[in-house]
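K.L.:
The listed protein sequences derive, respectively, from chains A and B.
When we follow this note's numbering, the leftmost residue of the first sequence carries the number 2, and every step to the right adds one.
When we follow this note's numbering, the leftmost residue of the second sequence carries the number 1306, and every step to the right adds one.
Each hint can be trusted.
Keeping only pairs whose Cα atoms sit at most 25 Å apart, straight-line, the calculated DMTMM-like set for lysine to aspartate or glutamate is:
1. A:K10 x B:D1343
2. B:K1411 x A:E83
3. B:K1375 x A:E59
4. A:K37 x B:E1346
5. A:K53 x A:D31
6. A:K45 x B:E1346
7. A:K42 x B:D1343
8. B:K1411 x A:E59
9. A:K20 x A:D86
10. A:K37 x B:D1343
11. A:K37 x B:D1376
12. A:K37 x A:D86
13. A:K10 x A:D39
14. A:K42 x B:E1346
15. A:K42 x B:D1388
16. A:K41 x A:E83
17. A:K42 x B:D1376
18. A:K41 x B:E1346
19. A:K45 x B:D1376
20. B:K1411 x B:E1320
21. A:K72 x B:E1346
22. A:K41 x B:D1343
23. A:K23 x B:D1343
24. A:K68 x B:E1346
25. B:K1411 x A:D86
26. A:K10 x B:E1346
27. A:K45 x A:D86
28. A:K41 x B:D1376
29. A:K45 x A:E83
30. A:K45 x A:E59
31. B:K1411 x A:D39
32. A:K45 x B:D1388
33. A:K45 x B:D1343
34. A:K41 x B:D1388
35. A:K42 x B:D1323
36. B:K1411 x B:E1346
37. A:K20 x B:E1346
38. A:K23 x B:E1346
Derived from the structure by calculation, the hints contain no laboratory data.
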Amino acid sequence: DTAVSQTPKYLVTQMGNDKSIKCEQNLGHDTMYWYKQDSKKFLKIMFSYNNKELIINETVPNRFSPKSPDKAHLNLHINSLELGDSAVYFCASSPRDRVKGIQYFGAGTRLSVL
Amino acid sequence: GQQLNQSPQSMFIQEGEDVSMNCTSSSIFNTWLWYKQDPGEGPVLLIALYKAGELTSNGRLTAQFGITRKDSFLNISASIPSDVGIYFCAGQLRSGGGADGLTFGKGTHLIIQP
Chain A
2 DTAVSQTPKY LVTQMGNDKS IKCEQNLGHD TMYWYKQDSK KFLKIMFSYN NKELIINETV
62 PNRFSPKSPD KAHLNLHINS LELGDSAVYF CASSPRDRVK GIQYFGAGTR LSVL
Chain B
1306 GQQLNQSPQS MFIQEGEDVS MNCTSSSIFN TWLWYKQDPG EGPVLLIALY KAGELTSNGR
1366 LTAQFGITRK DSFLNISASI PSDVGIYFCA GQLRSGGGAD GLTFGKGTHL IIQP
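Let's have the full structure, built from the sequences with the hints guiding it.
P.N.:
Printed below as a string of structure tokens:
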């Protein structure tokens, strides 16, 4: 039933490892996003995809690579993890009239890099 | 880039009290939104505002889109324990370049004392 689902919910890993976070939405939305929330709860857009095409790529290290196999999925792959990558990562999606700003968020993936 | 200044940063109130929080921006937004985040969850949309001066209610919540399009406020009347959480304002620029990502304020932590 979950509209926007992310896996895993928790991810603990060592520096230098490569990891992926998966996101799926069953709302039929065309646009999906990745946000990063730091320890002070500040939320910042990372990427936006519309129908499998990249729209927004904010100033994010190229160790982060989003991949959208279809419009219902947007995965985030992170290479060579660093301590500063520890954060909560949220996936979101919005309907075709995305200019209305309504975005639906997943429950988040809590990444801890040791 | 745009910045949203949200205040207060935190509020300690008694159950039954009214709450007011606001957001100001250094630049104009075409859409203002208010989200709430519960612990361990993603943000959930409370109210969306699309026109300068617009006043919208959702139950005990009322929000307004400032006339200058650079500010918004959210009021909660007669607070109850389940209102506890972090409230975020968010703005969106509606541009042809597809700037669909939301710019978030830093959040207002609402704590209700018994």
